[in-house]
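A.B. asks: Chain residues, written in single-letter form:
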Amino acid sequence: MIIDADVVTLSRLQFALTALYHFLFVPLTLGLVWILAIMESVYVMTGREVWKRMVQFWGVLFGINFAMGVATGVTMEFQFGMNWAYYSHYVGDIFGAPLAIEGLMAFFLEGTLVGVFFMGWDRISRIKHLLVTWFLALATSLSALWILIANAWMQHPVGAAFNPQTMRMEVTSFSDVLFNPVAQDKFVHTVSAGYVLGSMFVLSISAWYLLRGRNVDFAKRSMTVAASFGLAAALSVVVLGDASGYTVSLNQKMKMASIEAMWHTEPAPASFTLVGIPDVAQRRTIAAVKVPWVMGLIGTHSLDETMPGIDELVGVAKGRIVQGIQAYDAMLVLREDKNNAQAKATLAAHDTDMGYALLLKRYVDDPRKATPEDIQKAADSTIPNVPVLFWSFRIMVGCGFYFIALFGLSFWKASKRQLDSQRWYLKLALWSLPLPWLAAEMGWIVAEYGRQPWAIEGVLPTALGVSSVTSGQVLASLGGFVLFYTALAIVDVTLMLKFARKGPDGLGIWPPLSSSTTVGH
Amino acid sequence: MLDYTTLRVIWWALLGTLLIGFAVMDGFDFGVAGLLKILGRNNEERLVLLEGIEPTWEGNQVWFILAGGATFAAWPMLYAVSFSGMYFAIALVLLAFILRPVGFNFRGKVHDPRWASLWDWVLTGSGLVVMLVAGVAFGNLFLGVPFQFDGDLRMSWQGGFFGLLHPFALLTGLVSLSMLLAHGACWAALKADHTIAARAVKVARWMTLIYAVLYVLAGVWVAYGIPGFAVVGPVLTDGASNPLYKQVAQGGSWFASYMQYPWFWAAPLLALVSAVGVQLLINRRNVAGFIASSLMVGSTIASAGFALFPFLLPSSIDPRSSLTVWDASSSQGTLQLMLLVTIVFLPIIILYTSWVYRVMRGRVTLEELRKAHGGY
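Residue numbers (the working numbering), protein chains in the order written: chain A, 1 to 521; chain B, 1001 to 1376.
In case anyone wonders, no lab produced these hints; they're calculated from the structure. Idealized CB from N, CA, C, for every residue including glycine. One or more hints might be untrue.
Covered stretches of chain B (in silico footprint by chain A; criterion: 3 or more residues with CB under 8 angstroms from a CB of chain A, positions within the stretch not fixed) [what the hints assert, rightly or not]:
| no. | segment |
| --- | --- |
| 1 | 1026 to 1033 |
| 2 | 1044 to 1058 |
| 3 | 1099 to 1112 |
| 4 | 1148 to 1160 |
| 5 | 1239 to 1249 |
| 6 | 1353 to 1367 |
Chain B extracted, bound-state conformation (with noise of 0.2 angstroms):
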């Protein structure tokens, strides 16, 4: 067996994994979902934006409910936290979810621009919500949130949902929502139809411009205005996942562990790097474009990650009852059990994902949805 701290670096590096790939695979159907009214000026063009989404949306949703469940299995106490502190953040999510399916499923079933219309409403909601709560979300983290435990590890949480509406998490929110609306424009530039393309390429390089000046602004606003967190005292990496087993003190600054561990810096650096990538790749007629933006949404998702590091949840009013790697896993034996199963199972995923996207590949054109369609 794997020592407990191994496996907790292990599974904190795998959850982040999750987040990436949920944010990469499923953060461009949300991005073209939330340009569905932007780039598509008819019912005909949006229905080519959804149609170059259709086939592999609900797999890639998957990435976020496999995230929610290894969460709850490797994390128990981040997730539970989490999920019932910001409860009506969460439950907005929620929503979000349960009307993709149904829209993507149900939009095309009447025959009626009226309806149409609706669903595209729905999912271009239900997207734009999704990418600014995500964002909303992280930027909490970095400021703590509101929770505390007693003796027996029940939390309790003092704040509600406009506590969580924060500038900086305000900011954070911009940040996710530009970062995922230019990789949905990069993939809509790859997939849809030559006039809604060109419309995508330019829409881009807007989003990836304006994410580029918010994510220094973020970054400098967590240099000078944040105060970081740390644990004080001796640090127990292989101990039982008591968050009150320990001692932790606010006032440090979140770019310790960037100096602690130097290589933490590629993350922010490929994000802008990446960012710059975009603008340079992004064109009709190849995937680097495309290639840009994952590599500039998975670097933005680690350098937030990187900088909490040990910290997963820290609180705000009880910093003692903040969450660490070190404090909130899983027993080892599940951490263990749960890695070997990813080991065995990530890989048959990527395998048989990739398939799919092979065999459904190629350009969504106007004429082709005529030929098949009568519009809708």
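Only chain A is shown next, with the shape it has when bound in the complex (with noise of 0.2 angstroms):
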């Protein structure tokens, strides 16, 4: 069956504008709620209540924020299934286990408590309530750390193996999904990334207050907490990010010759291109300004190991398609008669090559009869877009060096307690707001769409896992979701800015009224 290519484009554009959409309101939940925790930490053991307040201020833009994360997250539960059936199909066996525990473990003890969180101040202890909100602390990245794994899997699937009475992929071990190494950087880095954002909220919010001369005392202790806890995040985002880079570069080697724009093979140690411009058609860089040695130490930690080109890697791609086709072969004769040896071996032997040959479908309905023209274009769709890679890699990447710089000036300036004294500095922690979302979007890009053609990668083509459904059911859902989403992102941008605006003294939050208040719902 041939598949319909408009269907695979809109699917794959819904997909990147919700899981990009989403992206926007995790981050800050992920990072806000360590800043809360903190907060109502120092709050309960200096007993000071400016510092309870404080939880209940950022709490109200928490809560906005939070709500549309749930919300936008159902989405991305519902969109495997509606969108990539046999995606999930394919790899539900091992894909839906992560997302199921994430449910039981994560979400569940994350949903339930944020109710008491809100409303539970005047009805359970302070030390009861701290537990609350350190436990949705902890889900929350609980909930990150098991979507990621599920990530990490299509990023580098392991523990896995194909199955041809089923025709999908099973889990063999599941100890090697769980310990993932990509599972574990792309943890770390990502959770650190919403903790710089968390952090960049805080700060640049906080700054507002003292351009204006408002909230001082209350705009000041936050700005502290979040310089703190900015500056180990945005250490941690890079030094980890690193950490990324390298398991990239072991087991995602064409992503990360496109990142780079390496077309051809350097001698070691390779040569970091700082900036330049990637000619797609003639497989150069033009003027590309480049720092030697700094890439081959990023992408194998050493000076003698050579990394491969994207030229280099689409030949060993050629190579895989060509055995793929035979484990395809020995696949169809399985599926009819399960116990014929001879195909039992060569599908033991060449089945990690079988995705390569699935690369094969958008151009020939039987990968058996492709011609080697089909091969060599197989072979080259396994290059990802390269100048959309190369770009919002550098931004990433400029971005984290900004904000290491950014909250290491920030630290210095609240150990210092000068957070005020400069006009310019408070200005430009302001303008600042943005760049984390940049950055994280950028991310996503790099790590999602630099997999590309692969949903999963050397597994199953993207262009493959779509549903069986028609591209005007899909536009239809799309326009929907472009509508709906832009109205509620006005919605949301507009309460954030009435709340930010409206600040603690103007929600009567601090200074204390005299009658007594009930916040943050």
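Need the complex rebuilt from these two chains, each delivered in its own frame; the hints are there to steer you.
C.D. replies: As structure tokens, this is what we get:
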């Protein structure tokens, strides 16, 4: 069955838009909740009311964002089944488990405790409320862990094998899936990015109060927390981003070469292209400014290992396609005759290449009948969009280094108690607000767009993963998402701005009004 | 390791448990939302109703997320076929699930009656949609849905959204709606200010009555008007998960499994006894009415699942492609691992959920509300 190319394009577009949109809210939840936990810990330890009010004020903003995160997260869970039905069938045996465990272990805790966090202030003791906040923070990060274990398996599918009887991948080793090295690096890198984003959120809004001379003590305290937490997170996101780069270079060589626009293999240690203009047609990078050795160090953590260029990797892919066709042929035999020893041996020898044969399905119905031209086209299709990856990566990394500098400066100013001494610094902190979002979205593009043409690296091409729906259906849902998500974004941003502007003073949170007030939901 | 057959039966039961968990725990949230404009005569009263579900609805909704995730993990084909096949129906439910969290959170964020009223309608609408579509989907399981597999086990679906709106499916949609509205009313009777609770008691009685009549009607329809499906030939309960390895015939009765396992009758009987229980026990003082409606909801879903056994999703155009408990599951290893994780975490979930309900217990009164808010 030839797959409708429009369905593939529209489904990918819908997935990318809804995932990028969901990922506007997730990192803020991940980061802000720990800042709330830190503030509330200070409150419980010192007993000073202002810290409780800080939790309540930032909690209002947290709540608005949390609702958006939960709402847009449901889409992600539905979408695999709705738009990626063959994917769901093909890898559900492995991929479904971490998603379900996320629900059992993390999201249930998160969803259950969040109501008590907002409405339980007067119903439970301080210590118990603090524990609720801590568990809430823990649950959000645990949630990220399981989602990233699932995602890491898409990048580096370990612990699974193809079963010709059920026509899908099945688990062979759960511990390999759980302790996937890619998952660990991705987890720490992603949650750190969230912590940076949460810190920037608090830092920027507080800087705005200081620029206005409002809520001065409140804002300085908030900034101090954000600066310390943010500095630790910014260091971690860059250092562990490097670890992430290293695991990518081990397991996704094509992604790495594309990020670097490294068209041809260079002698070790490879140089790092700081900037340049990747020219896809000629397979070269124009006006490249190169830093010697750096790429080799990032990618191999050594001076003598070579990193393969795109050309060489296309050649490797071509070889794997040829091997894959044999595996595909054996798979078809085994489907009819599950005891055929010869076919079993062939599949066992080449099953890791079968996915490469599936790349041919875009060009020919039966991969066994592929012409050399088809094989060349399929091999070329393993190159992701080089200019997009090249620039997304550089923007992300540039932001990362900037965050270290900004939070370093903030930390220094906070420890000198000079946070409001210079207006340029406050303005800088305020206007840096969008950058962590930019970096996070770029990171998503590098990781996921860079994985193309694969849904599961080397196993299942994205184009085969779609549902048997019509392009009209996907167009309708995509149009619906665009309209509906835009409307929600407007409401969300309006409310965020409204409550940030009102501030703790305008909301009557701090300084406290004489009568008791209920806030936070 | 447990044998494959046992694991599949356990996961069939767990799928049912999660669906029942969702219907019992989140069902009353949907019911209250659906009755918002009927039980709450003004903004203040509606706020009382919403505050009665606000601290816990989010956790309750995770039952649904978990049911989805567990289906993905344990019954990947069921997840893939149903979600992609019923594309627009699922999209409608998804829309409702997106709107609920923002509705609950955003409603009180702007002090304007039009704003509050807008979100009241959104919450009411999303409640009604989910309750109806869930019932319609269940009805379609009995009718069979139009899908088939090719040799790669790629599914194709012949039919659109309106094909799902068979009169029987509409009837089961109404069964679901009346059942969950009754359940929601029982919660409101327990949780809302006495004036509202008194109204809720009346609504609960009416809805339970309507439910009982429709439920019996649906049962009669299934018995006399809808041919059942049956696996013919040898049934391999621990074979590979590939639906195309079996033969299925349509034309029997959906009550065949009730004849085979007479204890299944306990479910429909309990459903009707619980409906009577709601009529007798509902009042504004104790939790008995709510317990009765919970049993009613749970046993109704169980009775449908029992009738379908061993089918999960029958196919009307290619019966052989039908998904059953024996050929649509994950591998033995995945079922085993997921069972272990569930055994560890489900009790913990129940534990902290109970704690939260205890912390947030008590009736939401108009008086308290006026003290805490300016009316929003």
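A.B. asks: Hints first: check each against the structure and report whether it holds.
C.D. replies: Comparing the hints with the structure gives:
1. 1026 to 1033: Violated, because only 0 residues of the segment 1026 to 1033 of chain B bring their Cβ atoms closer than 8 angstroms to Cβ atoms of chain A.
2. 1044 to 1058: Per the Cβ count (5), the hint holds.
3. 1099 to 1112: holds (count 10)
4. 1148 to 1160: holds (count 8)
5. 1239 to 1249: holds (count 3)
6. 1353 to 1367: holds (count 4)
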